[in-house]
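Number of protein chains: 2
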Amino acid sequence: MLGNFSYKNATKLYFGDDSLKYLNDELPKYGKTVQLIYGGGSVKRNGIYDAVVDILKSNGKNIVEDGGVMPNPTADKLREGVQIARENKVDLLLAMGGGSCCDYAKAVSVSVNCDDDPWEKYYIRFEEPDCELIPVACILTMAGTGSEMNAGSVITNHDQKLKIGHVFGEEVMPKFSILNPKFTMSLPKRQMVAGIYDIFNHICEQYFSGEDDNTSDYIAEALMKSVIHSSLIAVENPEDYEARSNIMWTATWALNTLIACGKETDWMVHMLGQAVGAITDATHGMTLAAVSLPYYKMIMPYGLPKFVRFATEVWGVDPNGKTDEQIACDGLAAMEAWMKQIGVTMNITDLGADESMIEAIADATIILDGGYKQLTRDDVVTVLKASL
Amino acid sequence: MLGNFSYKNATKLYFGDDSLKYLNDELPKYGKTVQLIYGGGSVKRNGIYDAVVDILKSNGKNIVEDGGVMPNPTADKLREGVQIARENKVDLLLAMGGGSCCDYAKAVSVSVNCDDDPWEKYYIRFEEPDCELIPVACILTMAGTGSEMNAGSVITNHDQKLKIGHVFGEEVMPKFSILNPKFTMSLPKRQMVAGIYDIFNHICEQYFSGEDDNTSDYIAEALMKSVIHSSLIAVENPEDYEARSNIMWTATWALNTLIACGKETDWMVHMLGQAVGAITDATHGMTLAAVSLPYYKMIMPYGLPKFVRFATEVWGVDPNGKTDEQIACDGLAAMEAWMKQIGVTMNITDLGADESMIEAIADATIILDGGYKQLTRDDVVTVLKASL
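Chains as they are written, first to last, in this note's numbering: chain A, 1 to 388; chain B, 1001 to 1388.
Mixed in with the good hints there might be a few duds.
[Claimed, not checked] Calculated pairs, DSS-like style, for lysine-lysine (alpha carbon to alpha carbon, straight line, at most 27 Å):
id, chain 1, residue 1, chain 2, residue 2
1, A, K21, B, K1032
2, B, K1161, B, K1044
3, A, K225, B, K1322
4, B, K1012, A, K29
5, A, K21, A, K32
6, A, K32, B, K1008
7, B, K1373, A, K12
8, B, K1175, A, K8
9, B, K1175, A, K12
10, A, K175, B, K1008
11, B, K1029, A, K175
12, B, K1225, B, K1012
13, A, K29, A, K89
14, B, K1225, A, K8
15, B, K1008, A, K225
16, B, K1225, B, K1297
17, B, K1089, B, K1021
18, B, K1029, A, K8
19, A, K8, B, K1322
20, A, K8, B, K1182
21, B, K1175, A, K29
22, B, K1297, A, K29
23, A, K12, A, K57
24, B, K1012, A, K12
25, B, K1225, A, K322
26, B, K1161, B, K1373
27, B, K1021, A, K29
28, A, K175, B, K1012
29, A, K8, B, K1161
30, B, K1032, A, K8
[Claimed, not checked] Restraint ranges, calculated between C-beta atoms of paired labels, are given here:
id, chain 1, residue 1, chain 2, residue 2, range
31, B, T1349, A, E242, 43 to 49 Å
32, B, E1325, A, N59, 52 to 58 Å
33, A, D130, B, G1343, 52 to 58 Å
34, B, T1349, A, A337, 51 to 57 Å
35, A, K373, B, L1232, 30 to 36 Å
Bear in mind the hints are in silico, worked out from the structure with no lab data behind them. Backbone N, C-alpha and C fix where the C-beta goes; we use that ideal spot for every residue, glycine too.
Whenever a hint applies, use it, and build me the whole structure from the sequences.
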């Protein structure tokens, strides 16, 4: 059944190979000083940085540089970004990159006018913002996280060995996001594939919950089928604009709250993956891939009807003459074959983890209760060992 | 291929059997005078009117009555509503009813501060609003039109025998809408079924266009499958909350611009159906149903791959051993069987049309060019005659 819920998502999206020009339409709505947030410099190599700076300058903006955002943005970097924003009284936080930059921009947004330490306030105590926000906008160069149209923000604290996400309220969502599929084409293939698995898992986390079928489940299946279809084209030819554009658009709708409407959600693969990430600093999408199958095999008996539906509707498994368990197992086998075909990392050993880290990863794993089985700490250890 | 597009939809939705209470959260954001828009009085019989008035009064609002909005709101009624809004300097247009009331509220919104005649300006000359808008909100009592989360507004002019829709910009969308599936349960079954077909056809109008498959097509198929599934439950038991809630939620997403993103769209069934409605004043959803199959049979050869996909993905047609034409025909046959099962009107004769009206209906049909076949006026007559 569709439970009760509210929905609002006011992010304006500009999508397409000409979308950067609409930055000219948006900039006049904001003040003069723009904090330009980006990562390790790939945007400088591929020309996106120069193109954006040109538009900012032609709109008379003061640019405050804030580069060097890491793939897993840290609490220390967040404090630095907040300081930059305060010292320069910035009017707009413009993230140029993937989900890391956008997540980081949101974390800065809620922290600039707040006296508390942002890591403690938002990622440990999970408080909500009670201060004026700085508007966030995003120029996306990697498809995967959905951060361009949601209020999620994941920050890592290496000292504390924690990687934690906070989903803020709708007021923290980007005001606008520019989605140009061509900007994602300069990514290394491994990053593209990690993003594709991130998308797929976002959908799974919302799909594998609840006992009833509802419209959200149908939409979830549609998004899964679309990303599976396009991923197989994109791994063969990363320059295929049609595939890359569908992947980008699927990523946005996989995690902008729509398919969670009226549902419980799971998110344990993310909790496990983020704990792996906190210990190994591995790529987010790959950490999810590495723990997914052991986790889904463990919970399958507790949500069998949905795993049967997943098998037949998403993977086209023929149910004739099979038990429900066989159908469900065939679905996970099809998913495993697809994962290997696109080339995701299938175990945490390949991400730098080993048996000696299992306890630390288990310690860093937050256990949630929305999925088909409430895990114990022993279950977490079992999944992690099966993921080695 | 996903073409270039922009997307923004900022309507806040409250969904569920407790959603009316959130009117208390929204009302303080608006001024003191509320124009309460409703239809023929069913909201008075089923208690919704009293519940809403109580909330308005407890929030200190002045209520300006604007009842009597007809199923096909007229240009004359629109002029009357504009006059009411002007004389009372209203701050919020609160529509309580189905798509007719919400469409009408949007038409009033764009016209209050405009000197031109609204019918001429918006529905004949298709101009855009260049004046201050009055905010619109909706308490939905019928699922179908999607008007609760879009900027569309259809108005009928009986003198001119025209029924014309204008899709305004995102600023005309309702600020908030309250969607309580229980409010739809007091509808006569025929109205429920007409709404279900309206939903289905909205999806078809966006699905049957373009040569390439993309994420929007996958989502469209998901919405079709969900509404088909729930419709069969709801016609057996209109009190089934799960089915009615899924139908309501599907209606919203079938026509809030999402599944048109990056696509051409068709809308010829709506043009034909609206022309039938302009001449007969028949229920909107039924006019669409009555002309759909003759239209789709005519265009099928021009969009055969999509009709094949429709057959296999939406209706589960087994393609083995069949030509593409056979598969596509089997899909339309499955659709026809479903239409008869839920009980929509299958021809325009049953809506009060006869052969003598065909020329007048054809005259009132606006021919669009986004579909698989650009119709001629002779084609329109052929479809209408086949619909008798």
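Taking the hints in turn, this is what the structure says about them:
no.: 1; hint: A:K21 x B:K1032; in the structure: violated (41 Å)
no.: 2; hint: B:K1161 x B:K1044; in the structure: violated (31 Å)
no.: 3; hint: A:K225 x B:K1322; in the structure: holds (24 Å)
no.: 4; hint: B:K1012 x A:K29; in the structure: holds (22 Å)
no.: 5; hint: A:K21 x A:K32; in the structure: holds (19 Å)
no.: 6; hint: A:K32 x B:K1008; in the structure: holds (24 Å)
no.: 7; hint: B:K1373 x A:K12; in the structure: violated (33 Å)
no.: 8; hint: B:K1175 x A:K8; in the structure: holds (10 Å)
no.: 9; hint: B:K1175 x A:K12; in the structure: holds (15 Å)
no.: 10; hint: A:K175 x B:K1008; in the structure: holds (10 Å)
no.: 11; hint: B:K1029 x A:K175; in the structure: holds (20 Å)
no.: 12; hint: B:K1225 x B:K1012; in the structure: holds (25 Å)
no.: 13; hint: A:K29 x A:K89; in the structure: holds (16 Å)
no.: 14; hint: B:K1225 x A:K8; in the structure: holds (25 Å)
no.: 15; hint: B:K1008 x A:K225; in the structure: holds (25 Å)
no.: 16; hint: B:K1225 x B:K1297; in the structure: holds (21 Å)
no.: 17; hint: B:K1089 x B:K1021; in the structure: holds (26 Å)
no.: 18; hint: B:K1029 x A:K8; in the structure: holds (16 Å)
no.: 19; hint: A:K8 x B:K1322; in the structure: violated (45 Å)
no.: 20; hint: A:K8 x B:K1182; in the structure: holds (22 Å)
no.: 21; hint: B:K1175 x A:K29; in the structure: holds (20 Å)
no.: 22; hint: B:K1297 x A:K29; in the structure: violated (49 Å)
no.: 23; hint: A:K12 x A:K57; in the structure: holds (22 Å)
no.: 24; hint: B:K1012 x A:K12; in the structure: holds (15 Å)
no.: 25; hint: B:K1225 x A:K322; in the structure: holds (24 Å)
no.: 26; hint: B:K1161 x B:K1373; in the structure: holds (26 Å)
no.: 27; hint: B:K1021 x A:K29; in the structure: violated (34 Å)
no.: 28; hint: A:K175 x B:K1012; in the structure: holds (15 Å)
no.: 29; hint: A:K8 x B:K1161; in the structure: violated (38 Å)
no.: 30; hint: B:K1032 x A:K8; in the structure: holds (24 Å)
no.: 31; hint: B:T1349 x A:E242: 43 to 49 Å; in the structure: holds (44 Å)
no.: 32; hint: B:E1325 x A:N59: 52 to 58 Å; in the structure: holds (55 Å)
no.: 33; hint: A:D130 x B:G1343: 52 to 58 Å; in the structure: holds (54 Å)
no.: 34; hint: B:T1349 x A:A337: 51 to 57 Å; in the structure: holds (54 Å)
no.: 35; hint: A:K373 x B:L1232: 30 to 36 Å; in the structure: holds (32 Å)
Figure legend: structure checked against the earlier numbered hints; hints not met, in rising order: 1, 2, 7, 19, 22, 27 and 29.
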